[in-house]
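Asks: Residues per chain are reported as follows:
Protein chains: 4
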Amino acid sequence: MSLPREFRSDNAAPAHPAVIDAIAAANSGSAGAYGNDAWTARATDWFKAEFGDRAEAFLVWNGTGANVTALRAMIRPWQSVITSEHAHINVDECGAPELLAGVKLVDLPSSDGKLVPERVDAAARRGVGFEHHVQPGVISVSESTEYGTVYTAAELAALAEVAHTHGMRLHVDGARLANAAAALGVPLRALSADVGVDMVSFGLTKNGAVAAEAVVVLAPELAAPLKYIRKQGTQLASKMRYLAAQVVAMAEGDLWLANARQANAMARRLAAGIESVPGVRITQRVDANAVFAMLPDGMTERLQRDFHFYTWDDATGEVRLMTSWATDEADVDELVVTIKLAPP
Amino acid sequence: MSLPREFRSDNAAPAHPAVIDAIAAANSGSAGAYGNDAWTARATDWFKAEFGDRAEAFLVWNGTGANVTALRAMIRPWQSVITSEHAHINVDECGAPELLAGVKLVDLPSSDGKLVPERVDAAARRGVGFEHHVQPGVISVSESTEYGTVYTAAELAALAEVAHTHGMRLHVDGARLANAAAALGVPLRALSADVGVDMVSFGLTKNGAVAAEAVVVLAPELAAPLKYIRKQGTQLASKMRYLAAQVVAMAEGDLWLANARQANAMARRLAAGIESVPGVRITQRVDANAVFAMLPDGMTERLQRDFHFYTWDDATGEVRLMTSWATDEADVDELVVTIKLAPP
Amino acid sequence: MSLPREFRSDNAAPAHPAVIDAIAAANSGSAGAYGNDAWTARATDWFKAEFGDRAEAFLVWNGTGANVTALRAMIRPWQSVITSEHAHINVDECGAPELLAGVKLVDLPSSDGKLVPERVDAAARRGVGFEHHVQPGVISVSESTEYGTVYTAAELAALAEVAHTHGMRLHVDGARLANAAAALGVPLRALSADVGVDMVSFGLTKNGAVAAEAVVVLAPELAAPLKYIRKQGTQLASKMRYLAAQVVAMAEGDLWLANARQANAMARRLAAGIESVPGVRITQRVDANAVFAMLPDGMTERLQRDFHFYTWDDATGEVRLMTSWATDEADVDELVVTIKLAPP
Amino acid sequence: MSLPREFRSDNAAPAHPAVIDAIAAANSGSAGAYGNDAWTARATDWFKAEFGDRAEAFLVWNGTGANVTALRAMIRPWQSVITSEHAHINVDECGAPELLAGVKLVDLPSSDGKLVPERVDAAARRGVGFEHHVQPGVISVSESTEYGTVYTAAELAALAEVAHTHGMRLHVDGARLANAAAALGVPLRALSADVGVDMVSFGLTKNGAVAAEAVVVLAPELAAPLKYIRKQGTQLASKMRYLAAQVVAMAEGDLWLANARQANAMARRLAAGIESVPGVRITQRVDANAVFAMLPDGMTERLQRDFHFYTWDDATGEVRLMTSWATDEADVDELVVTIKLAPP
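Here the protein sequences come in this chain order: G, A, X and D.
Quick note on numbering: this note's numbering labels position 203 of the first sequence as 502, and the sequence is numbered without any gaps.
Quick note on numbering: this note's numbering labels position 119 of the second sequence as 418, and the sequence is numbered without any gaps.
Quick note on numbering: this note's numbering labels position 296 of the third sequence as 595, and the sequence is numbered without any gaps.
Quick note on numbering: this note's numbering labels position 76 of the fourth sequence as 375, and the sequence is numbered without any gaps.
Okay, chain G solo, but in the shape it has when bound (with noise of 0.2 Å):
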């Protein structure tokens, strides 16, 4: 293993060698193009295994477009998305949201990143019904959050059942749902159908493709319209083979699930290994794929230079060290020992 180790994100990971002989494999002779081909039936397949009968999948190139897309088909320009101020959609995409959906994020304070039923509640009254202000429309969750917090099933419960109180919908940013499901011992479909979520965007690039995402309805009312709606947005490959391989390999024996536990597991490794030292402090749960941690004064730095990983808020110096489907104990483990053996 190469210095510096790498804790910046899990898209600076390599994609699974699985995934790259998925490819690989796909690359034989003429297929349908935008979909009409055998790996996009079987990737179809998977996602109705996982997530029901009723869920209906539409492979798309990235997270951004994902989130977008799933927007779009739920409501309308006059309508707001109510998530947490450290929403990927709300700080990460360049407004791409507000550009192609029209509407407003009304975002909530959020001290883990995940939202609080009582404070999307009373988000969710204000103004109903009065022309000024943006109506609600969608409750929009990160599982795991930007904070590498982990909404229970009863949690997104509740929120599922905010949101059609009030008539709204309930979205997922699953760009890390694999991890949080592998954090929770539960199979993605108790994330998410089985707790009243709409839909779905899930990730696998972050846990080891090379890129694949998905929109995954779950409320089949709102099928219809998604494959113009994806196309609209920029979002249908030609050659969608190679994104449906991709899928066909994470699932293959569950490789999904053991590469998210393996993030996991080195990011509760990392989190016990550094936590009593002194001056450390980690400052979420560290429930999925990120340690949060304040570090003594002057270590980032000294950090740095063996170690890849990011200053998360300059304010106060917190960082995040993020782990993935390639980080071994071996990285992580130099990590701690470095830490550990920092001068004071």
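Where hints are given, some of them may not hold.
Claimed, not checked - Now the stretches of chain G that chain D is said to cover, found in silico as 3 or more residues with beta-carbon under 8 Å: (1) 382-392; (2) 399-406; (3) 423-433.
No lab work stands behind these hints, which were simulated from the structure alone.
Because the structure is a prediction, the values reported are computed rather than measured.
The beta carbon of each residue, even a glycine, is placed where N, CA and C say it ideally should be.
Given the coordinates of chain G, assemble chains A, X and D onto it according to the supplied hints.
Replies: Chains A, X and D only, in chain G's frame:
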């Protein structure tokens, strides 16, 4: 070679094996996300080598994404895009330019998919300065066109002059620019930078990649906001190295050119083989990798048992026979002989 | 009457004095903003009286606002609006439908500004279910048209049938619906609710108001979001009573009808006066309040010293002579005699 | 004066009689549409006189229209608008900026409706050059604010400096700019052109017009596309003379200033009258024409029998008492005495 033989689209072709090999080769260790990696640097360099030092390339997922990104960078919503009625942006993008760029497309009639400077000029003059009308913004041409025809460098230069006379930009939808360059025996820059083109959507997918396109900015003053436009438009890849690796593979030994030449040669071979068959009429110049033709009554249905291809115009029965880098002489000869031997 | 006499546009006419009086009368005491006032209630009632009990009217500022509001309420961005190439929404709204509704306009050729059911039907069938193409959403007609021609009730019914057969909606841009109703001698509902029209942009401004238009929803299932669409589209007036008062004034004693009749009569008088003048050719049916004509060489320039009017088509020299409620016989007769006496 | 007395909004007030007179006076003969008339020329001149020779004014229908038009002229969709959480553009425009301009609003907490330079500066620095984040584009302030507070000229100058340091623009939502100028005893330019404001939404409707607002461009390099932006945004009036006549009436003898002074004086009189009443707490500075207050338990409901006003914050019971040019001493005194005499 398995039946049915493939003449539907260059999108139905597999990727060139060298592209798959490059993806596999890139799959080693971690790499900076979003283009902060060595493969992207190499890809970017290749674009400068081909399109000139001023060229700035931004890799994107697909052709619609490239076109919309380019249009957004060149104009504002109250401006128009003058294009052919047959243009991909006008017909085959499900309204993506209207939604994402907010612009109106002004589509001109065209018998061969090409724009004529005089007509464009007339359209550009209409309503200038009149606030009720959209204002001339961009001329967008497809090179090669949706009808398999090709603009010469001089023809593009004439359109660039019209554009710049009116303060407009010239955009080339180059999903098949490689085929045009191969057909004319000129370098890519001869059909772009050297003749005043401002921005190119450069396609590699149809020509042998898995999925890789680029917006190539040739007017440097337009480059600064491109990265935001790409991200906001959902066209930024996280694991960019895999897009870049495809570019590198296509660049190596001018594979892009060899692939395009093969596709073009197979179209010419096909046209030459069938043009004198009684009842067959080739309806467009065969400049690049498509043959448009009228077939004798009933032949289309019979052929479609063993050959994949599309009826292009339901009203007239005109068919499109499309070749790709993967089409070989056996494919063509089998089709030719079948057409020749067909019962009258 | 001062020179130059006015034939540019019904927009150049003043408001009818009764409209001004109504505005003044409404200017007493406080009133609920945004339509919570007695004048708006009366205006709304009038729309129900004219268009039927199911009609829901939403007052807006201007015709472009009415059209865009209506389109947004009827379709989604991946759907198309099939309309005439000469339609106001296509030519004279600076791309507002594309920007605000995100939709593509499919404009059909038309020699008289009217759509023909067969052509619309063919356009609506193209690409249905094909995700690359925009899907049929709305048929939009102008009644009366931009060429001063009028659809009969039967012609509108035929278009409504085409629309509804394809699951589309029929929209009437009725900036001059009053002129059409006056021309045909039928009530407003005969050209809208009674023949299957789903939504009307009803104009009063050109017909004698200061500024008052309405979106009249005739398909009740579309009404609920209108108030949000109007507000988000910047078309909600705060001091709504002044818009409503104009409607009330135009309703009183059927002033709208008297005004439209006068405008139409003046156009007919003008056409009758000049149609047999050598060198003059009237180019469109004079159904409503416009006369389109070719004039002898040089006459346009000479006339424009004393008469305000526009050259409609720079290429041919065709002129538009437009009458309004404020045009009187002296205006027309002066123009007629000037044309008749013009030196050859 | 009839009961209930009006304290809901300056939008509930009638127009000043001089405005109605001006509309009536403009109603004579024909006039060029879309601003090609003498009244518009006079209105435009007045804006130059008030805001400086470089000012270019574009009349529009309403405040939301003015704000969206201004924002579209200042930024591109991947840029942000930094504003107060209470700003009209953020709360009361039903998502119009997001839909029409495609932008994200970054709303900062504010206890009094005003932005503080340090916080704006911090927000503007976040993510600059980082393609995942929207880029700083505009600072938008309301003057006077939605809480009836006023920025001093120096405070605006400080915000302009922050804006220009970051390459941003400063926008003033001046729906009540007249009230601010009257409160501070300074000319309009002292709160706009003289302190570096780039664009103003200038409101006349709340201050005594029927419906007339303007986008006043103070940075001349931004003026050229305004006319297209206004038209495409549905904010261009055909019979513009009637908007312009209102401006002329409000300009005559500084009626705008007299009206604003009256409204402000009535708010101050009201505040002075109730501030020492036991159980009453005035919650915001009374700079302009609004009084925000907490009332004793149960008083709100009793008062609303005879006085029109809104509860501003359902959670706390805070009320807003708004005055206008039409509020007189009798209105205020009646309210004051009723509050004073209310049973405990």
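Asks: Work down the list of hints and note, for each, if the structure agrees.
Replies: A quick look at each hint next to the structure:
no., hint, verdict
1, 382-392, "holds (count 3)"
2, 399-406, "holds (count 4)"
3, 423-433, "holds (count 4)"
Checked against the numbered hints above, the structure breaks none of them.
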